[in-house]
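Novice: So you can see what is in the structure, the chains are spelled out below.
2 protein chains.
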Amino acid sequence: MKNHTSTLDIVKASKSKIEDTDFENLTFGKVFTDHMMECDYVDGAWQTPKIKPYGPLQLDPSAKVFHYGQAVFEGMKAFKDKDDHIWLFRPDENFRRINRSSERLAIPAFPEEYFFSALEELLKIDKDWIKKGFGNSLYIRPFVIATEEGVSAAPAKKYKFMIICSPAQAYYSGEVRVQFSEKYSRAADGGVGFAKAAGNYAAQFYPTNLAKDAGFQQVIWTDANTHEYLEEAGTMNIFFRVGDKLITAPTSDRILDGVTRKSVITLAEEFNIPLEVRRVKVKEIIDAAKSGELKEIFGTGTATVINPIRGFGYAGEKYELPKLEDSYAKVFKDKLMKIQYNETEDKYGWRYAVK
Amino acid sequence: MKNHTSTLDIVKASKSKIEDTDFENLTFGKVFTDHMMECDYVDGAWQTPKIKPYGPLQLDPSAKVFHYGQAVFEGMKAFKDKDDHIWLFRPDENFRRINRSSERLAIPAFPEEYFFSALEELLKIDKDWIKKGFGNSLYIRPFVIATEEGVSAAPAKKYKFMIICSPAQAYYSGEVRVQFSEKYSRAADGGVGFAKAAGNYAAQFYPTNLAKDAGFQQVIWTDANTHEYLEEAGTMNIFFRVGDKLITAPTSDRILDGVTRKSVITLAEEFNIPLEVRRVKVKEIIDAAKSGELKEIFGTGTATVINPIRGFGYAGEKYELPKLEDSYAKVFKDKLMKIQYNETEDKYGWRYAVK
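Chains as they are written, first to last, in my numbering: chain A, 1 to 355; chain B, 1 to 355.
No lab work stands behind these hints: they were computed from the structure. There's no promise every hint is true.
[Said to hold, decoys possible] Straight line, CA to CA, 20 Å or less: simulated EDC-like cross-link-like pairs of lysine to aspartate or glutamate:
1) A:Lys50 with A:Asp40
2) A:Lys183 with B:Asp60
3) A:Lys12 with B:Asp60
4) A:Lys30 with B:Asp43
5) B:Lys50 with A:Glu103
6) B:Lys30 with A:Asp60
7) A:Lys283 with A:Glu320
8) B:Lys347 with B:Asp334
9) B:Lys30 with A:Glu175
10) A:Lys330 with A:Asp189
11) A:Lys355 with A:Glu149
12) A:Lys245 with A:Glu175
13) A:Lys183 with B:Asp253
14) A:Lys158 with A:Glu103
15) A:Lys283 with A:Glu269
16) B:Lys52 with A:Asp60
17) A:Lys17 with B:Glu228
18) A:Lys355 with A:Glu343
19) A:Lys212 with B:Glu103
20) B:Lys281 with A:Glu293
21) B:Lys52 with A:Glu296
Small disclaimer: the values here were computed from a predicted structure and weren't measured.
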């Protein structure tokens, strides 16, 4: 994976913006580093990747991404350890997933050697943007968009694969309460829910706004057919702790195969936490909340790592979760971050050194 | 509707591209007229619409349309009659629908007076691009995209509403055969299938490619829950003629409320064609095909008007439809086009004069 032979065109920015950046007061995903990676697909092939100064794209108004939503993305993070070494966390998972997403949206696969050589070079050039300290990271956003001109509803013949990077502190602030969806849906069987397809996200904004109006920060989506089963939160997979047992929904063509999710599943075994990967009934979670057996709900995702949920709403009722000293959420988050920041052993080989 | 008071900024192109355009050999949606309409949403309001020379957009790589698919569109046509008058067909339906689509994707509604004044002015400026003759038209593509910079997964605060126009001949060439979907889905209950959301289209490309590999041109989507009911074709609503009776699926949160579809429903009554708007079982269509009662299948949509289907595939079997002299498809297409081109009475008030 690290034996790169592909060429790479590099044009450096004449001046860095880093001095103008307040790293103590970052809004998530608003500030970008000095450089970006851009690679065009034309004439049936991905061309030489370019690293160049971060700046605007010029696209025809008829570019297919604007009309038919042919766009997929990934979310990753780079971490800097105490010795100024830079680490990625399971980047092979993100690489494979963006190509799975692309396949489902009829976008050509991106070559592995281009992805890793360009990403690592980009991180080295913008390494000063990665700040040390637990919680600090560089959020990395690889994405692909259809750039071909023309409004006929067919897959494009031209694409852009890009990587942009944004310095990040912790993603969420404040307590998070979620609403279990009773009417709206995120994904259909046989649809694109498992893909990080751009259109999956826009579809969630309106129902999420309704949930916000009702006093919640996010929605936990239920299955579109019956709304009886809890699936995922749109930007996070979801885990439920009932008694000492952890439960999470299986991945499917509706549910994203989250990297943090699968890492938590592995760690649960290491920690001897009983875990069931199976469909989760709304009713069983409500019953567990009422009987006091529901101890925790938390979300997992690259941006948030582990996001504890303080309470939830369903069918007009609101439920609060207990405040635990020894929460699973805390245990997993601590372990994952220690792995990510090179502060503990990495027995699964999840860390990836950027050298 | 036609009493416009809004202002409009107009910058004309220095040189027309019309002489370079071969109107006898147009590829659908590839060539655009000299001008376009652009209107920005910033600071909580739509600003003054602009008509300006057709040209590229400059967007930040983090613009939300690229990452979260906040994008909706419409398809309309302008027609020129024998006396050089320009007509639209039920544009109020498209205007209302783009705002319904926008609402579902958390995009602010566009003002009616801006839409009509800017569209009509654009058509007048580019009127030479609308060619006379049955089948010739100007395809009009209004669309909205989220332009705000930043990769946090939340509705944008900045948008662009645009109208671009492309001269068109007939949309489909050759015979069209469709595959009834058995596995893949277009939309979920509680999802965005009823909206002209960009992401709905990208999601169809991969299954449509599989159908093409199997010898079909399009997919007729079935309901995601059971795949037992026929819904729509993604860019067309679908009608089935069994004996003398016409059947089409009801609109829902999964099925687009097509303008051509609803016009056909109205005309069916005028023509005394028995019509049932109800769920259509795959099984009843297969049975009708086997017994010889299935006479026609046709799609309806702005680009194609009425698109006769020659055959279909399901569960590994292929079915051919009879060639009828007196097809409903032909009757509807002829009537609709005569209304569109101002060659017959317009008793429903569907024509809209651009003056």
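Novice: Are the Cα positions of B:Lys281 and A:Glu293 separated by 20 Å at most?
Specialist: Violated: B:Lys281 and A:Glu293 sit about 45 Å apart, past 20 Å.
Novice: Straight-line Cα separation of A:Lys283 and A:Glu320 no greater than 20 Å?
Specialist: With Cα atoms ~16 Å apart, A:Lys283 and A:Glu320 stay inside 20 Å; holds.
Novice: For the pair supplied as a hint, A:Lys183 and B:Asp253, is the alpha-carbon distance within the 20 Å limit?
Specialist: holds, 11 Å
Novice: Tell me if the straight-line CA distance from A:Lys183 to B:Asp60 falls inside 20 Å.
Specialist: Not OK: A:Lys183 and B:Asp60 at ~35 Å, beyond 20 Å, violated.
Novice: Is the straight-line distance between the alpha-carbon of B:Lys30 and that of A:Glu175 20 Å or less?
Specialist: Since the Cα atoms of B:Lys30 and A:Glu175 sit roughly 50 Å apart, the hinted pair is violated (cutoff 20 Å).
Novice: Straight-line Cα separation of A:Lys330 and A:Asp189 no greater than 20 Å?
Specialist: violated, 33 Å
Novice: Quickly compare the C-alpha distance for A:Lys355 and A:Glu149 to 20 Å and report which way the hint goes.
Specialist: Outside the cut-off at roughly 39 Å; violated.
Novice: Is A:Lys17 close enough to B:Glu228, meaning Cα to Cα at most 20 Å?
Specialist: violated, 57 Å
Novice: Measure nothing beyond the straight line between the CA atoms of B:Lys50 and A:Glu103; if it is 20 Å or shorter, mark the hint as holding.
Specialist: Violated, because 38 Å separates the two Cα atoms, which is more than 20 Å.
Novice: Please work out if B:Lys52 and A:Glu296 have their alpha carbons no farther apart than 20 Å.
Specialist: The hint is violated at about 56 Å.
Novice: For B:Lys347 and B:Asp334, compute the direct alpha-carbon distance and say whether it is at most 20 Å.
Specialist: Answer holds: B:Lys347 to B:Asp334 is near 16 Å, not above 20 Å.
Novice: Check whether the Cα positions of A:Lys12 and B:Asp60 lie no farther apart than 20 Å.
Specialist: holds, 18 Å
When each numbered hint is compared with the structure, violations occur for hints 2, 5, 9, 10, 11, 12, 15, 17, 20, 21.
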